[in-house]
Amino acid sequence: MKVKLSLIFSMVVLASMALAQTWDGADDLPTNPLACGMSSGGGEVAMLDYNGGMVSGGMSMAGEDIVLIDVPKLVGIGYFAATTAGQQKAAEQLGNVTVTTDAPTEANIDDQIAVIENYIASGNINGILFAANDPVAIAPVLRSALEKGIHVVGYDANSEPDAREWFVNQAEFNGIAKAMIDSLVAEKGEDAGFGIVTSTFTTPNQARWIAEMQAYQESCYPDMTWLETVEAQEDAVLSFNQANTLMNKYGEDLHGILGMTSVATPSSADAVTQAGLCGEVAVVGLATPNAMKPYVDDGCVESVVLWNPVDLGYAATYVMRAIVDGDLNPGDTSVMAGDLGELQVVNGSEILLGAPFIFNADNINDFDF
Amino acid sequence: MTPSLKQSQLQPNKLSFLIVLPILLAIAVLLTYQFAPFVNQPELGATTISKLTETRSNNEFKLSTNGFILIPIAAFITLFLGLWTLTNTQLNRAASILTALSGVLILEYFVVFWMKYSDSGGDYLSAMAIGFWTLLALAITMILQVFIPRVVVAKEFQLRSLVANQESAIILALILLVVVVGLINPRFLATRNILDILQGNAYIAVAAIGMTMVIVTGNIDISIASLVGLLAVISGRLAVADAPILVAWLVPLFVGAGAGAVIGFFVAYLRVPSIVVTLGFLSILKGILIIWTNGQRVTDIPPAFYLAQMKPLGIPMPIIFMVVLTIGAALWMRYSGIGRSFYAYGGNAEAARLSGFSEKRILMQVFILNGVFVGIASVLYASQLRIIQATPPPGLELFVITAVVVGGVSILGGKGTVIGAMLAAILLNTIRSGMIFVNISPFWIQAVQGILILVTVLIDLIRRKRQLS
Amino acid sequence: MNSNTIDPIQPNPTKSANFGKRLRSILFSQEGILFIILMIVMAVLSQLNENFLTSSNLLNQGRLMSEVGLVALPMTFIIITAGIDLSVGSILGLSAIVLGILWKNVGLPLELAIVLCLVIGSLAGLVNGLFIVKLDVPPLIMTLATLALYRGLAQGVSQARSVTGYPEWFYIFGQGRIFGIPTQLWLFIFGTIISIIILRRTTLGRYLYAIGHNPVGAKFSGLPVSRVLLTIYAYSGFMAALAAVIFVSRVTTTRSDMGTGLELDVIAAVVLGGTSIFGGKGSILGTLIGLILIQLLKNGLALSGVTSDATIIVIGTVLILAILINNFVQSRREG
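Those sequence lines, one after another, are chains F, R and C. So the first sequence is numbered by the working numbering: it starts at 1 and just counts up by one. So the second sequence is numbered by the working numbering: it starts at 1 and just counts up by one. So the third sequence is numbered by the working numbering: it starts at 1 and just counts up by one.
To be clear, the hints were calculated from the coordinates, so they are not data collected in a lab. Incorrect hints may have been included.
In silico DSSO-like pairs for lysine-lysine, Cα to Cα no more than 27 Å straight-line [said to hold, decoys possible]: (1) R/Lys-465 / C/Lys-219; (2) C/Lys-219 / C/Lys-134; (3) R/Lys-415 / R/Lys-465; (4) R/Lys-415 / R/Lys-360; (5) C/Lys-134 / R/Lys-415; (6) R/Lys-415 / C/Lys-219; (7) R/Lys-465 / C/Lys-134.
Generate the whole structure from the sequences, applying the supplied hints.
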């Protein structure tokens, strides 16, 4: 009987699922954990040869007005509104740069490619700033931009190195990972058990951070217990629910929740607050200060790890200007970026913004993004 | 199905047997537990069992597992029997309510008695849990008493008669799930977790009320995620701007109704299919939200605004909203003239028209009401956390439609209740949470949801065939 | 070019009809109105940016459009039968993952993996069809279920890992050109022609309209309803898998979240093209125009400096307005 057959089919599928285990959410790429200890993060400078792409042809635009298009992962979220603000600030200071931000309304690899294609076709841009939804998927369109003489600089989320010229790295993955784990250890000790709330397992940056955290924790704090990573899209209430589930499932085994996005972290903090477990369960996470102020101010969250996204956008714009003006060439070891001063070149073709910044009750109200 | 005792009539003495049976079963379960404490066997329980009895300063987890594992099982057994009597025309409603009530009360007595005199250490929270499960079981029984049409004339004891309608089928699935997950990891049954599960999808269940009305009339609305995002920000910004809190709570309802009226106008008067209108609105509303807010989340909201964080009598507000609104809407749809016109129109638009219902007015009413419920849902969504994200909740429309469809609302119109939709929303969240509790990889969550929809549809199919034959 | 309908109310132009009448019936058909809208939109957009109406831009847009377009062809068939297929985006994701896993993890030759990917896609579509036909599950519910199921399988099978590093020759599907025209555009044109022929010249096409008009009647009058529906749902799965191959080849990577939300783009194009969601009415030509209209609007607005957030508002409005205008004109014609 067909109905019974379909039911059996469903059972088989269900049974096959039961074989799976809890998931850590890390990717497969090699990790590079930093040295242990409480010193502030920040990577050692890896001296590699330049491995970025080369823009082909095109006349020199040194000193001339340039028009840039900024394509973050998506528009309509606070984080990329902050990077945009930084770009506008840089454009204003430089005076000879115009930046327009345009990106899909959802973090969708296909739509992002279409947006970039459109601007290449429009023929009136000199440079692209981007934050990739997928490092590989975005590469072909960026390569075609380079071929057409358009300069390409990445920030926040990298592409394959040869598909862009430079990448402004907000902080090394291992630096973020170290800052996160160290902050948690500072609050909860070296034998804390912790869970993670992330966006989706397919988001490359998050998977990378988790992998680095895992490596760092295993080498430096082997007594910590890695409980579980849960997925919560970019959904505020779902993140709240998932954080609650973690608390209910692990009870007193759970000493900390690590939030991997600007949505997951405040929602987790809210879950902890509403459960009355402030102090019992620490929340450490990546988030913008504005989102975290209520929780830091009432003492439920002690430290928020992030770089300054305004500076990130600012630096990306300055780097682009430097490339166009010929001030940043393959083989250089540093670049001047306006108010930020001299920034280091790492990993061949990346410009490091700095060590991750840790916001706490003392300084969080000094920031507005 | 194996043939069971064929009897066209139930003897009176069978009735008393029905009342005694739950008690006997409950005693059996209790005894089984006493002599075979399966919950405390590490190989059956989760690793955290041994720690469950350890204390934690502001303790929510101190509860002894014993009561938790037993009470729901016992309550559900009683509930089952109550349900069974429902499908039996020989028993009147009073008898079956009585069955459930007496069964549950006696059980509770036994459990409390046992907890007090055994050294397993029951506390006031356990008592609360007992009360909770009792109320839940009773509420479900009584709701079903009102809503189950007594079309099934059961002449014999049939397990399948328990799935006589979608609502009871979902309850069955819920019970099964709660018991299985609870056995593997008893923490799942902690009051807090149960409340969290019920609360988690409450705003979705509220939105599902409106969607049920839309789908019952043979339409669909895929724009609600964008609308929820927009209304939540409107609500939050009003609160931040020092508008009276009541205004901040009520304005989204009116704006939602306004948006619903526009959609309804296109559908009813301009005859544009609802899927097209709402597909358009999905983009338009989202674009407006992004341009308006530029992704800036709403912060510094006055604490009085946090409707969803209130807990009158210890029950989170979203749960109260969900249950009250759902029951209210279900009664209204079943007994009011307007509500019935929705079903009539959805069942057969032509016939409804001929019998004097105004098609245009029905469609306007449906979409305006849908807007109001989306408004309520967005206030619950907005006030759940201390900040409001200025993005539409991703995939909300699919989730709400899934809840409605799993809840037994026919996409062809004319069939299904909001209670089914609410239960389905709860079921979906229970699955999500349950999967984490039993360590099933979260990758499969969507696959499970898909299978769930299929299974409910198949059950519906079996049911229809049975009813036909 | 009268609308492809067997709606008896609509006048069916015969050879004896005079030229004026015929012209009017072309102009005021669903496709005619859309075509006029398209022309107006193109005229306006080409004024706004000189790079809009260039062959390189248009060809490139054709490349970007092909994946949605390929899936929109069977979707038109399905919607004509008053069905719907919400699972196409998930089938695309699942097929892409199957392609990647079979090639990289199982180690099959890529050619074979492509074939199997297409087979899996068709099977996924066939499963939709089987439930819809054999068990009478409404298409919306069935494909809503598989929308979640197939995406879940894609995620479960891939464990959120992406597959990259395809050989160079594979990129011909998504990035290559044949005679100066993007490869996938050839595939799309070929698919479109086939679909037009099926819909207008074959009995299968007539059956589709008949089923959409009156499914019960179609069954009782002895049409092979089951076989027809199975065919088109499998066709839909096949096309989604083909789109997956092209997509993977274009973006050079495979991820389990590929094609998320594709169904809405596809359905928007189809209903914009005048295919009635209630069945029985519609044409491939309309879908084609709807598709081009959306794609060029996105492109042209972006070229003119309109950002995506404003663009989606425009597209949403155009979608509703186009149907509105069409309704208005059709009711004037009929009344």
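Evaluated hints:
{"no.": "1", "hint": "R/Lys-465 / C/Lys-219", "verdict": "holds, 20 Å"}
{"no.": "2", "hint": "C/Lys-219 / C/Lys-134", "verdict": "holds, 13 Å"}
{"no.": "3", "hint": "R/Lys-415 / R/Lys-465", "verdict": "holds, 16 Å"}
{"no.": "4", "hint": "R/Lys-415 / R/Lys-360", "verdict": "holds, 20 Å"}
{"no.": "5", "hint": "C/Lys-134 / R/Lys-415", "verdict": "holds, 22 Å"}
{"no.": "6", "hint": "R/Lys-415 / C/Lys-219", "verdict": "holds, 24 Å"}
{"no.": "7", "hint": "R/Lys-465 / C/Lys-134", "verdict": "holds, 14 Å"}
The structure is consistent with each of the numbered hints, conforming to all of them.
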